[in-house]
Amino acid sequence: MTLDGFLERHGGWLEAGPEEGPVISSRVRLARNLRETTFPGWASKEVRNRVWNEVVLAFDGVPGSKGFLRWRMDELSALDRELLFERHLISRELAERQTGSGVFVNEDECRAVMVNEEDHIRLQSLQPGMNLQKAWEAADELDNALEQGLSYAFSSKLGYLTACPSNVGTGLRASVMLHLPGLVLTEEIKPVINAVSKIGLAVRGLWGEGSEASGHMFQISNQVTLGRPEAEIIAHLDQIVLEVIEHEKNARLRLMSTQEIRVHDHVGRAYGILANAALMTTGEGLDLLSALRMGADLGLLPKIPRREIDRLFIRIHPAHLQKEAGVALSPEERDIKRSQLIRKFLENK
Amino acid sequence: MKCDLCDKEAVVHLTQVVNGQTKEVHFCEEHAKAQGIDLNSPISITDILMGLNGPQKNIASELSLACPRCGMAREEFRKTGRLGCPECYKTFMAELTMAIKAMHHSGQHLGKIPAREGVQTRMKSKIARLQKELEAAVAREDFEKAAKLRDQIKKCRDDGTQDDGGKK
Chain A
50 MTLDGFLERH GGWLEAGPEE GPVISSRVRL ARNLRETTFP GWASKEVRNR VWNEVVLAFD
110 GVPGSKGFLR WRMDELSALD RELLFERHLI SRELAERQTG SGVFVNEDEC RAVMVNEEDH
170 IRLQSLQPGM NLQKAWEAAD ELDNALEQGL SYAFSSKLGY LTACPSNVGT GLRASVMLHL
230 PGLVLTEEIK PVINAVSKIG LAVRGLWGEG SEASGHMFQI SNQVTLGRPE AEIIAHLDQI
290 VLEVIEHEKN ARLRLMSTQE IRVHDHVGRA YGILANAALM TTGEGLDLLS ALRMGADLGL
350 LPKIPRREID RLFIRIHPAH LQKEAGVALS PEERDIKRSQ LIRKFLENK
Chain B
66 MKCDLCDKEA VVHLTQVVNG QTKEVHFCEE HAKAQGIDLN SPISITDILM GLNGPQKNIA
126 SELSLACPRC GMAREEFRKT GRLGCPECYK TFMAELTMAI KAMHHSGQHL GKIPAREGVQ
186 TRMKSKIARL QKELEAAVAR EDFEKAAKLR DQIKKCRDDG TQDDGGKK
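Those protein sequences? They're chains A and B, same order as listed.
First residue of the first sequence? That's 50 in the numbering used here, and the numbers climb one at a time after it.
First residue of the second sequence? That's 66 in the numbering used here, and the numbers climb one at a time after it.
Be a bit skeptical, because a hint or two may be false.
Going by beta-carbon spacing under 7 Å, a handful of chain A positions derived as facing chain B [claimed, not checked]:
1) 208
2) 214
3) 275
I should point out that these hints are in silico values taken from the structure, not numbers from a laboratory.
For every residue, glycine included, the Cβ atom is placed at its ideal position computed from N, Cα and C.
Kindly generate the complete structure, drawing on both the sequences and the hints.
Here it is as structure tokens:
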């Protein structure tokens, strides 16, 4: 299958899920490496190719592996690699790698296995909404199946050995993608970021950094990977994110009870620009769609389903626009296409 | 606030949370520099402990140390913060132990174990887990539980056959 098939559909992680207002998706990724094998960043092309072949062989033995699509980075165009990145299926780092690097993606895009990224294997599981537990179970299951055919680098003291010591132990990075416009508008986001950082979790903007994150999208993840069982890491992150969700809900309630007219104005202006602009950059689009998404959550835009806005968040990115157009586009041509795509979406509402 | 190492006023304050307890360090300008902290650039405790940030002292002779399996030199590892192969964990054990402690506040894996790992690995891991529980029991003065855990650990050490499969 070619990547073009992706354009007609959306990832399964953009379906409905628990706490779907403030939460977009939950993700778990596991880092694994092959025993007695040089890590990808330091390995020769021969070793990287051997790793790819070994993983392919093991993967073909995994139940349900036929439902996965696979690509090697060196057979994809730069645009196709960017498309996979925009869909959260591969990392920026994998997109920039070549020999021996590739990815397996299952058809609903909820599970992916990156080969020869920073580690030999980076296994990812995505779930819609707040559902770290399910994401972990799916990752664990795939890990168990894949392990049947591979010998992992493991020490009883340090656990799974990884290229970077910051991932050693469980190799587990769990994260939740959150939409937090309430906290941004009430200017409470900085104290929340500081508080969460102090208890050993990382907060970063999904697009852009810190409190300036485009689209008011944030990612909260664990940093500690060693010295705690996986279940404990997941439970801790789960508990803190639920607290952040409460803060976000309270911020929205406060905005609606004390500044309702301003919220209407904010959402209405965003709608006005999105429905009429003829040039739209990615950054502006993300910020305005964020306002629209909050409006949909607050019941101000009953005809615009939140999930369709979420899909638009992905579709307005450069590689998606160019794949849909079927040709390479200059930045200005993309700004035109982007504005057309959004206008068309709103016209039908 | 005074510097941790002398009586001068501290200008650098670093905070780190270890097992839920906040630890702070304070340095005057002079001692901050001595610790390798550049006052004009953002830093992390991890960088300092990894030695990625500061002046590298008396290690010229050690820089030639390289991993016998993959050839990664210590200098290279310091520059990138990435290891060359799983064996590097043994080669660079001395500096890694400190860095890993700083990052994870622990040096013992308590998570999943690959099914292919032998009985011994599972037993070591089980003992490590029980030992952590023992420390926690002592800390909260639950000596009855602590005694039970101590016996369990002893039993595990005596007969290396009590395997629970490493699952929790």
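Hints, verified against the model:
| no. | hint | verdict |
| --- | --- | --- |
| 1 | 208 | holds (3 Å) |
| 2 | 214 | holds (5 Å) |
| 3 | 275 | holds (4 Å) |
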